[in-house]
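Construct the complete structure from the given sequences, taking the supplied hints into account.
Residue numbers (our numbering), protein chains in the order written: chain H, 1 to 352; chain X, 1 to 352; chain A, 1 to 352; chain D, 1 to 352.
Be careful, since some hints might not be right.
Same chains, same names: a pair is fine if it fits in one copy or spans any two.
[Unchecked claim] Listed next, the in silico EDC-like pairs over lysine to aspartate or glutamate satisfying Cα-Cα at most 20 Å (straight line):
1. LYS223 x GLU332
2. LYS42 x ASP224
3. LYS131 x ASP224
4. LYS131 x GLU227
Worth flagging that the hints you see were computed from the coordinates, not collected in a lab.
There are 4 protein chains.
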Amino acid sequence: MPPITIDLYSDNAAPAAPEIMAALARVNVGPAQPYGQDPESKALKTTFSDLFGTEVWVMPVSTGTAANSIALSALTPPYGTILCSDTAHIETSECGATELFSGGAKLTHVAAKSGRMSADALDEVIRRAGKGLQHRSQPAAVSLTIGTERGTVYPVSEIARIGEVARKHGLHFHMDGARVANALVALGTSPRSVTSDLGLDVLSFGSTKNGTLNAEAIVVFRKDIAEQLRYRLRRAGQVWSKMRYGAAQLNAYIEGGLWLRLAAQANCAAKRLSEGLRQVPGVRLIETVEINQLFAEMPEKVIAGLEADGIGLGRRDEGVRMVTAWCTTTEEVAHVVGRARLHGGVGLGPFS
Amino acid sequence: MPPITIDLYSDNAAPAAPEIMAALARVNVGPAQPYGQDPESKALKTTFSDLFGTEVWVMPVSTGTAANSIALSALTPPYGTILCSDTAHIETSECGATELFSGGAKLTHVAAKSGRMSADALDEVIRRAGKGLQHRSQPAAVSLTIGTERGTVYPVSEIARIGEVARKHGLHFHMDGARVANALVALGTSPRSVTSDLGLDVLSFGSTKNGTLNAEAIVVFRKDIAEQLRYRLRRAGQVWSKMRYGAAQLNAYIEGGLWLRLAAQANCAAKRLSEGLRQVPGVRLIETVEINQLFAEMPEKVIAGLEADGIGLGRRDEGVRMVTAWCTTTEEVAHVVGRARLHGGVGLGPFS
Amino acid sequence: MPPITIDLYSDNAAPAAPEIMAALARVNVGPAQPYGQDPESKALKTTFSDLFGTEVWVMPVSTGTAANSIALSALTPPYGTILCSDTAHIETSECGATELFSGGAKLTHVAAKSGRMSADALDEVIRRAGKGLQHRSQPAAVSLTIGTERGTVYPVSEIARIGEVARKHGLHFHMDGARVANALVALGTSPRSVTSDLGLDVLSFGSTKNGTLNAEAIVVFRKDIAEQLRYRLRRAGQVWSKMRYGAAQLNAYIEGGLWLRLAAQANCAAKRLSEGLRQVPGVRLIETVEINQLFAEMPEKVIAGLEADGIGLGRRDEGVRMVTAWCTTTEEVAHVVGRARLHGGVGLGPFS
Amino acid sequence: MPPITIDLYSDNAAPAAPEIMAALARVNVGPAQPYGQDPESKALKTTFSDLFGTEVWVMPVSTGTAANSIALSALTPPYGTILCSDTAHIETSECGATELFSGGAKLTHVAAKSGRMSADALDEVIRRAGKGLQHRSQPAAVSLTIGTERGTVYPVSEIARIGEVARKHGLHFHMDGARVANALVALGTSPRSVTSDLGLDVLSFGSTKNGTLNAEAIVVFRKDIAEQLRYRLRRAGQVWSKMRYGAAQLNAYIEGGLWLRLAAQANCAAKRLSEGLRQVPGVRLIETVEINQLFAEMPEKVIAGLEADGIGLGRRDEGVRMVTAWCTTTEEVAHVVGRARLHGGVGLGPFS
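Written as structure tokens, this is what we have:
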């Protein structure tokens, strides 16, 4: 294999945005109190409270898995179960992190279509889960991935309905926002409209996939949950001593709407990519491309050809996954489409 | 209180070294495979295997607590107990992280003098711990902090004896190296002489206190332990997607002996500070200053005076803790000593 | 509702067999060393080793949930997953016990037909489970309920094939034997033919449902697993101080084949019950009755009529569950069938 | 060694009282709903609420370790610590059960004298434990063993003061009542005076050491704690399917004051034993004998002589432990004392 020059394997393959690097350099001056007592870390509360239009508590962590699993550990007793779609990252790709931090809680799956569970299906699963029966793990929380693992988004109205179902059954409500910026851009709505306005308890606020180096945040909408998370994070090894370097990334990410600009670029690249690829013979989009992920059936010769070209992608049982990032350029998209057309046996077409 | 201008509260208050920042900038170019599949992350194995003169497995993590507690979780069954000094960081300052990741193992204390447990005391505690008795948590591992929480170091010969005690009883051997560079400089010995040569199983290799932003490493000396740590780290939320940024810090930290130069500066500053302060009336060093930490009895007027001067320090029951860092300058030391002399009622003396 | 006089709600509703009560009286004399050091407890090893034709380690526990979950905790790392049918008791009815004792392992479901997973389906699920992938909980053990939760049994040949699949993938093999006696009677085979001969690691040996008061046993076929279970049981609060009373139940249960005689009575009653009920209009057996459980669609008037008669049964979404026990008499079966016929609108027929 | 004929190794060596055996026989008739839905199990609430003069929730479990550790798991968050004496059974003899069920909480020791911690020492330890500091496991509960592991009892006034200290710091209050009957007899006070009247949250109510076969109870004084314990017990494998056999033991144990009569016999035997042994040359009582345990220095020839006589006792570092039980007779005590005198080199004296 040649070295990868255009990497669509994951948005995690992208570098950090220059504004983020600049922020690191800016705070790398002189002493700063450790463990979040420095000014940059303290500023997070204002930054994010402004963003969500309500008082929030912000806790930087080093990975999305940490954000999800530690947040959920505060939303379920160890004898609880967390309802999520059967394609949720917490179920498929975190090696049992939620089970670890919760002390052995379960995940109960709701069958998803295109990465989304419906409020009705969720309601039905909860109703059959044995609330109050001693022999059953007790439904405790709902976790929803706003920009789903299948490249789709939940409409605001469906998030609202899911929140209502959670509330009706007395469950907590958590959102996995690994790609929350991409989802908000796709929905064209405000951060608060899908979180605080809908009674969300905790948001796993992702930024690493979208331009930071290694900073995610747990955003908490309730004080009592925030209080216990202080200790849960400390014992999880997730409280940076030099927290300024995490906080600086997050503050710079929000400042001036950088996060939304970066996400818009990624979404736009995915849209263009999907439009180009769908015209390649044998290529079929499996999911609608709503954020920055594309799932497609693709002839083996096209897949292998792209790989040989140094274009990174993710092979899946049913085809490929391609993920654009904040830094994916128009030229790169055109190049990938052009090569796919070539491998697929057609001319280079208008994109080239 | 005025803003802190010289911060001796902790070495965590220091910024990152310029070489580390440069390394971040250097790797922030183009795509890189996530989760440790990038060249920078892969280079860690060579960097550290060379350092320790044997094959090692290196796993970057975001905090020292994560390094200690996740490493230890691979060295004890959940029904085990870990022997450590009663002043060990894992016991006093990690909010039960080892208990969490181990699934409920215990810590058994060995009374320490000046932060060090003796091999004999350890042996005695293990012998009385009820090995093989069903009612007792089973001794499983020994954890030793090489540059202790009291600012002292273990002589190499005592580390060797402690390793022998561990081996004699069939226990694993772990080292908390939060300040391993400072300890090696103080001992004037090689990394391997206190680790691989002595049968160490796992080292928590610290770097954040000594010049990086947020990178620690679990260095594993046995393949079977490394294999299970892959999964333990993933489910602990400690596998960075963009691992290049952690790996780059660590590689640059080792390169050309930077880590030892930085530690030497910190140690040297602490030595000078202790020599200056011990001459202030009413100041008495509680521990010998062997690395970069200083514990001293100090009159309240001196403490309060330094604080009012914008000099950060840590108040303790028995006096103060002061910690120098890689960036503590000769001028800063002189300034602190001079102010202390003034507050203590003597002239400025030769340091000023 | 009238008091229940014939209870088919569960075999747990039955009293203890007179032989078991006599055994308790027999050992209730004079002192006996606690925690399993008494002669009755020590005799378990011989009793069960003879039964299984190989050396086994026997650990009495107080419930079947304890047997299953603590046994499984020795067969999986905390980052593991246990493969079982989607109707397995460990999944549906133990409130997350396996997740607790394993330190947060998962259960992965294999779709079952009539309570049985097939070896092929199991193999397929394991192959897709991501062995070796860091992001996935690692397949660690297979758990099979020999007398299934749907009243069926696994053929010996299928148990053998499932054992082979487990071995092929390097997984441990566990059997939930809550109704192992009933299954063995139904299969007409020896204990060893479905356990030691097939490479089973651990058997949860049930007896409470079949005539004891409160004694189950973990039967271990490998010494290394037995050794760690000593401690796992102690810290689970499952090592009786006066163990003679548990051991006496188990020894008496085996002695002279009592366990198989009791199970034969229960199976026989279920068979007769099913033959009678299937002739009631509107009643349809949902599963083949192979042990002592019966699942049937039943008209509401029949269900309600039986309940009004003081006959206990379990209502389910799809009809009813009826479970016979060691003490269910021919007269009781005839009475239930007769009443069902009456409520169903036919004459009493030949059973009355 | 000859067979043991008089066993003072532990009160766990004693058989069950005839009244308890009779109760088992009495309930072993006909069907009974499982999992505590039978009349005998339901009667526990009234039995114990009457005993404690307030509404309580009663949950039978199979061992004292289960009672302690599962009860405590409802009184601490996983990041909490439980304050107890350094000789507490939960610390020394339960193989980390509390750490398991709590999800990794710690135990913090208060130095005990004669098995008792003082309210003042407890207060001091709590005040130094770092409440509110993120780096420290958070003080969550106090656990006190009323009839201590050293054979002493707490005065009612000291229990009250300890309860006040717990309340002052916002901690839960738990009592290990492994020998609660012996303690109440020794104190000459009512059950409620040391529990409900003092704001106790949960009592581990022991009975196995004092005449039952295998039944202990968690007695809960607060409804919210009881509610979560329902699930915690189920997933701990501690909810008997045939609960009538546990409940019958507990009801019969209380009925007509049987428990206090049995304890009085045990206490009385210990008192006589201590009076006799203290007159043997070289024997010295290490602790005041207040309940049914005796700790004494004893010449090796006396210890070995008694063992050779078939008298079971517990060797300890500092001498021996002897524990009387409900069934220890006056004749047995006289025999032991007589043999000790003989081995100690004096005449048989007035006891023989």
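Going through the hints against the structure:
1. Proximity of LYS223 to GLU332 under the C-alpha cut-off of 20 Å is found in neither arrangement, the shortest distances being 45 Å within a copy and 41 Å between copies.
2. Proximity of LYS42 and ASP224 under a CA criterion of 20 Å is satisfied intra-copy only: 19 Å inside one chain copy versus 36 Å between copies.
3. Within a single copy, LYS131 and ASP224 get their C-alpha atoms only as close as 24 Å, which misses the 20 Å cut-off; across copies the closest is 16 Å, which meets it.
4. For the identical chains of this complex, LYS131 and GLU227 are inter-copy neighbours only, at 13 Å across copies versus 27 Å inside a copy, given an alpha-carbon limit of 20 Å.
Of the numbered hints given earlier, the model fails hint 1 alone.
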